[in-house]
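These are the residues of each chain, in order.
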Amino acid sequence: MLREDKLALSDDILMKIEKPERYIGHEVNSVLKNKDAVSVRFCMCFPDVYEIGMSHLGIQILYAMFNSWEDVWCERVYSPWLDLDKMMREQSIPLFALESQEPIKNFDFLGITIQYEMCYTNILQILDLAGIPLIAAERGEDCPIVIGGGPCTYNPEPLADFFDLFYIGEGETQYRRLLDVYKDCRDTGKSREEFLLQAAKVPGMYVPRFYETVYNDDGTIKSFHPTREGVPARITKEIQMDVTDTYYPMKPVVPFIKITQDRVVLEIQRGCIRGCRFCQAGQLYRPVRERDVETLKKWALEMLKNTGQEEITLSSLSSSDYSRLPELIDFLLEECGRQHINISLPSLRIDAFSLDVMSKVQDVRKSSLTFAPEAGSQRLRNVINKGLTEEAILSGAALAFEGGWTRVKLYFMLGLPTETEDDIRGIAELSNKIAATFFDTVPKEKRTNGKVQIVTSTSFFVPKPFTPFQWARQCTKDEFIDKAYLTRKAISEQLNQKSIKYNWHEADASVLEGVLARGDRRLGEVIRRVYEKGSIYDAWGECYHHERWIDTIEECGLSVDFYTHRERSLDEILPWDFIDCGVTKEFLKREWEKARQEEISANCRQQCQGCGAAKFGGGVCTEARSQVLVTGGSSERYEGKD
Amino acid sequence: MNGMKVRIKFRKYGPVRFIGHLDVMRFFQKAIRRAGLDIAYTGGFSPHQIMTFAAPLGVGLESNGEYMDIELHSLDSCQDAVERLNAASVKGIEIVSAKVLPDNTANAMASVAAASYTVRFREGRAPEADIARLLPEFLARETIFYTKETKKGTRELDLKAGIYEMSWDGRAFSLLLDASSAGNIKPGQVIEALLEQGGEKLQDNALLITREDVYTRRELTGDGGAPGDRRSENSREDFISLGEIGTLEIHL
Numbered sequence: 001m002l003r004e005d006k007l008a009l010s011d012d013i014l015m016k017i018e019k020p021e022r023y024i025g026h027e028v029n030s031v032l033k034n035k036d037a038v039s040v041r042f043c044m045c046f047p048d049v050y051e052i053g054m055s056h057l058g059i060q061i062l063y064a065m066f067n068s069w070e071d072v073w074c075e076r077v078y079s080p081w082l083d084l085d086k087m088m089r090e091q092s093i094p095l096f097a098l099e100s101q102e103p104i105k106n107f108d109f110l111g112i113t114i115q116y117e118m119c120y121t122n123i124l125q126i127l128d129l130a131g132i133p134l135i136a137a138e139r140g141e142d143c144p145i146v147i148g149g150g151p152c153t154y155n156p157e158p159l160a161d162f163f164d165l166f167y168i169g170e171g172e173t174q175y176r177r178l179l180d181v182y183k184d185c186r187d188t189g190k191s192r193e194e195f196l197l198q199a200a201k202v203p204g205m206y207v208p209r210f211y212e213t214v215y216n217d218d219g220t221i222k223s224f225h226p227t228r229e230g231v232p233a234r235i236t237k238e239i240q241m242d243v244t245d246t247y248y249p250m251k252p253v254v255p256f257i258k259i260t261q262d263r264v265v266l267e268i269q270r271g272c273i274r275g276c277r278f279c280q281a282g283q284l285y286r287p288v289r290e291r292d293v294e295t296l297k298k299w300a301l302e303m304l305k306n307t308g309q310e311e312i313t314l315s316s317l318s319s320s321d322y323s324r325l326p327e328l329i330d331f332l333l334e335e336c337g338r339q340h341i342n343i344s345l346p347s348l349r350i351d352a353f354s355l356d357v358m359s360k361v362q363d364v365r366k367s368s369l370t371f372a373p374e375a376g377s378q379r380l381r382n383v384i385n386k387g388l389t390e391e392a393i394l395s396g397a398a399l400a401f402e403g404g405w406t407r408v409k410l411y412f413m414l415g416l417p418t419e420t421e422d423d424i425r426g427i428a429e430l431s432n433k434i435a436a437t438f439f440d441t442v443p444k445e446k447r448t449n450g451k452v453q454i455v456t457s458t459s460f461f462v463p464k465p466f467t468p469f470q471w472a473r474q475c476t477k478d479e480f481i482d483k484a485y486l487t488r489k490a491i492s493e494q495l496n497q498k499s500i501k502y503n504w505h506e507a508d509a510s511v512l513e514g515v516l517a518r519g520d521r522r523l524g525e526v527i528r529r530v531y532e533k534g535s536i537y538d539a540w541g542e543c544y545h546h547e548r549w550i551d552t553i554e555e556c557g558l559s560v561d562f563y564t565h566r567e568r569s570l571d572e573i574l575p576w577d578f579i580d581c582g583v584t585k586e587f588l589k590r591e592w593e594k595a596r597q598e599e600i601s602a603n604c605r606q607q608c609q610g611c612g613a614a615k616f617g618g619g620v621c622t623e624a625r626s627q628v629l630v631t632g633g634s635s636e637r638y639e640g641k642d
Numbered sequence: 643m644n645g646m647k648v649r650i651k652f653r654k655y656g657p658v659r660f661i662g663h664l665d666v667m668r669f670f671q672k673a674i675r676r677a678g679l680d681i682a683y684t685g686g687f688s689p690h691q692i693m694t695f696a697a698p699l700g701v702g703l704e705s706n707g708e709y710m711d712i713e714l715h716s717l718d719s720c721q722d723a724v725e726r727l728n729a730a731s732v733k734g735i736e737i738v739s740a741k742v743l744p745d746n747t748a749n750a751m752a753s754v755a756a757a758s759y760t761v762r763f764r765e766g767r768a769p770e771a772d773i774a775r776l777l778p779e780f781l782a783r784e785t786i787f788y789t790k791e792t793k794k795g796t797r798e799l800d801l802k803a804g805i806y807e808m809s810w811d812g813r814a815f816s817l818l819l820d821a822s823s824a825g826n827i828k829p830g831q832v833i834e835a836l837l838e839q840g841g842e843k844l845q846d847n848a849l850l851i852t853r854e855d856v857y858t859r860r861e862l863t864g865d866g867g868a869p870g871d872r873r874s875e876n877s878r879e880d881f882i883s884l885g886e887i888g889t890l891e892i893h894l
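Just so you know, the sequences run in chain order C and R.
For the first sequence, my numbering begins at 1 and goes up steadily by one.
For the second sequence, my numbering begins at 643 and goes up steadily by one.
Simulated pairs of lysine-lysine, DSS-like, Cα-Cα distance not exceeding 30 Å:
| hint | chain 1 | residue 1 | chain 2 | residue 2 |
| --- | --- | --- | --- | --- |
| 1 | R | Lys654 | C | Lys6 |
| 2 | C | Lys86 | R | Lys794 |
| 3 | C | Lys251 | R | Lys672 |
| 4 | R | Lys828 | C | Lys6 |
| 5 | C | Lys360 | C | Lys305 |
| 6 | C | Lys360 | R | Lys672 |
| 7 | C | Lys19 | R | Lys672 |
| 8 | C | Lys19 | R | Lys794 |
| 9 | C | Lys305 | R | Lys741 |
| 10 | R | Lys793 | C | Lys258 |
| 11 | C | Lys16 | R | Lys672 |
| 12 | C | Lys105 | C | Lys19 |
| 13 | R | Lys733 | C | Lys16 |
| 14 | C | Lys258 | R | Lys733 |
| 15 | C | Lys19 | R | Lys733 |
| 16 | R | Lys654 | C | Lys251 |
| 17 | R | Lys654 | C | Lys35 |
| 18 | C | Lys251 | C | Lys183 |
| 19 | R | Lys654 | C | Lys305 |
| 20 | R | Lys672 | C | Lys258 |
If you want the footprint, here are the derived chain R segments under chain C, 3+ residues with CB under 8 Å:
| hint | segment |
| --- | --- |
| 21 | 658 to 670 |
| 22 | 729 to 741 |
The hints are simulated quantities; they were obtained by calculation from the structure and are not laboratory data.
Note that beta-carbon positions come from the ideal geometry of N, C-alpha and C, so glycine has one too.
Go ahead and model the full structure; you've got the sequences and the hints to work with.
Have a look at this one:
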């Protein structure tokens with residue numbers, strides 16, 4: 001039997017567990033290398049179940065990038081599901097990487113992407129099963145360097161104990177340099193500590209052990225500073241400014257089992273021009289950088305050919321804002337039509353153009369239309385700077401109903417700053433008006449299903465770092481529940497209430513998400529204790545033990561209220577203040593003030609708001625200049641680039 | 643345009659034996675695209691490739707004879723299809739042959755009548771019993787009842803009529819079993835019943851099973867054989883491998 005045929009798990013285990021395909025590797029386009037011929041072994045981890053982790057684009061990009069380097073072999077690992085987790089503990093089976101099926105402990109790096117707060121205990125599960133000490137400072141020279149990345153690293157403090165290193169920002173830019181530093185340290189016999197000290201000087205790298213937090217008596221931060229010479233006090237996010245001439249996976253790994261995002265993903269741009277005040281991604285990934293449309297067309301065809309996928313989707317925070325969208329969609333419609341490939345189009349604003357496109361790619365009778373007004377009244381939509389008016393929603397809905405759609409999904413948040421009962425009733429009233437629009441627009445004889453179906457969903461608002469609401473008070477659990485009841489009651493009082501179905505999220509998890517999102521280093525102990533009490537998969541409702549978290553927070557002498565239910569003062573040192581994501585604190589303060597004045601801000605294309613991201617010198621911030629260039633002829637657009 | 647039916651024979655072995663039947667189907671849908679085969683699609687908003695599999699293979703089993711019928715609009719040669727599919731496949735899913743089927747051939751799934759298996763015991767999980775002594779008596783029985791566990795409880799099943807051939811060479815069983823949709827029986831059930839006769843229980847996950855081939859009834863192919871014998875005998879001559887049907891020649 002060839003070496004790569006050997007599986008880490010026995011047949012007995014594989015026959016007993018759910019979906020053994022999660023653990024056997026061998027997927028199309030997964031990369032096998034000769035381990036003796038590479039000098040760095042990197043294991044990339046998404047700390048959730050395979051179907052979720054494999055749907056993540058970022059890992060596919062970095063996997064392709066690492067494996068394009070001859071001296072590096074990058075493999076993957078995901079959280080073992082509960083059934084296997086139990087067996088691995090009982091039988092002391094070390095966590096392994098999918099490609100080589102070898103223990104993670106043997107690797108040089110374990111890179112963990114941290115996409116949401118509710119995966120924090122799964123990070124400890126990964127470390128524990130791999131046989132790596134949970135606390136970074138307790139790791140020996142034989143342990144992999146544990147490095148974190150992803151959106152939650154913009155407030156890495158609750159996880160500071162567990163990581164050797166955080167990479168703040170986009171992975172394309174500094175990994176080569178970091179690995180070279182690592183190789184150099186290893187070749188010259190330097191210790192783990194010495195490597196980390198050098199790594200801390202690489203742009204974008206945060207080595208938490210070289211920093212110290214001092215607290216005030218009231219629990220707020222008194223100071224935060226490096227403890228070693230040469231370690232930067234402030235860390236600026238890394239950003240890939242040229243998003244066209246860069247790494248992108250032309251051969252994404254194709255799983256055997258059906259995963260959440262089971263399609264080719266074409267990332268058309270990064271960042272968002274909109275500036276919704278509740279949205280963290282909209283601030284973190286500034287400025288907007290568009291990919292060249294010709295390159296995207298080429299990539300789409302190549303990825304479809306190399307994967308055999310029957311569906312392609314566009315990825316971005318707001319696809320409608322991509323300037324070459326009509327051209328790209330026309331191209332895909334033609335190519336995909338010929339090849340029997342489905343196109344899925346998320347995050348499109350509903351207008352005549354998008355409805356026309358959607359009617360071509362989906363069955364209008366079966367599909368539903370999605371609006372995300374986020375707040376029920378125009379007043380509150382101004383507070384959150386969601387530039388969607390009731391008029392636009394109703395005219396979009398009317399167009400859609402004329403086009404044959406009968407199902408509408410609406411997404412709102414409850415608990416936004418300044419929210420009143422009127423705003424909540426606005427959710428019910430808007431839902432009702434959309435139903436009324438259907439009956440006004442579609443004559444009786446043309447109502448295919450006879451009726452319209454409005455599904456109104458609310459989630460609870462959790463303030464996030466680096467947003468204008470980072471200072472805001474989060475609602476308590478009871479307030480959340482009261483708001484959901486009020487919404488339900490208001491909907492039941494509407495004329496068209498029979499056409500409206502109302503869903504709301506659980507409040508418990510939103511409370512914890514709020515604690516972790518704006519938490520500090522002291523929460524590390526809470527996370528560790530909760531894990532040791534048996535919690536994993538907190539993101540999965542059925543696995544989440546709310547009381548255990550709340551009790552443990554108290555046990556550790558901390559309080560939920562401190563992290564969530566108080567409004568922070570503008571001069572408080574926030575745990576994430578040492579990170580520079582481009583957007584300045586001054587800008588966020590201005591936006592917070594404007595929110596309270598119910599004033600909207602123009603988007604990046606309409607008028608620069610001076611957020612600070614212009615310092616990266618590209619994307620939408622320099623677009624005006626390139627537009628001047630384009631007027632002379634489209635080929636000039638890229639002439640200024642070298 | 644009328645397409646041609648092409649029957650693909652493939653093997654499944656090694657780690658990919660843990661891939662379930664539905665996922666093997668999904669795998670081939672994508673492999674066919676990667677291979678650039680000119681496959682026919684159904685209409686509608688979500689067109690599907692025209693594709694039928696013979697008999698689902700259980701998770702964990704290996705096979706030397708799996709079949710899938712597809713409809714192609716065009717084809718350079720059968721060998722070309724095999725090479726392209728193999729280039730688009732993964733280790734452990736190996737395409738053995740492609741053959742063009744006569745237009746009137748029953749589809750792979752509907753025509754399945756029997757399947758042959760090789761069954762071994764895993765190391766350390768062989769029974770105490772002397773199988774060579776147990777087997778003649780087992781095969782001579784009038785009825786072989788087996789209690790099958792279903793979602794709703796248990797069900798008594800007589801395996802006897804479905805065991806067409808069974809032999810033991812001291813290391814492995816060779817089995818030919820009913821695999822039709824009405825009477826399908828599994829090799830594990832047969833071995834379990836055999837050991838039970840000797841008063842022994844089959845150990846957990848004790849068997850290594852390889853499906854060797856899948857068969858249809860010779861009479862269904864128009865290749866009559868000897869009528870009259872087949873109903874009573876159900877011997878290997880009454881069946882023809884799905885892989886023997888069709889030709890390597892392309893006729894459009």
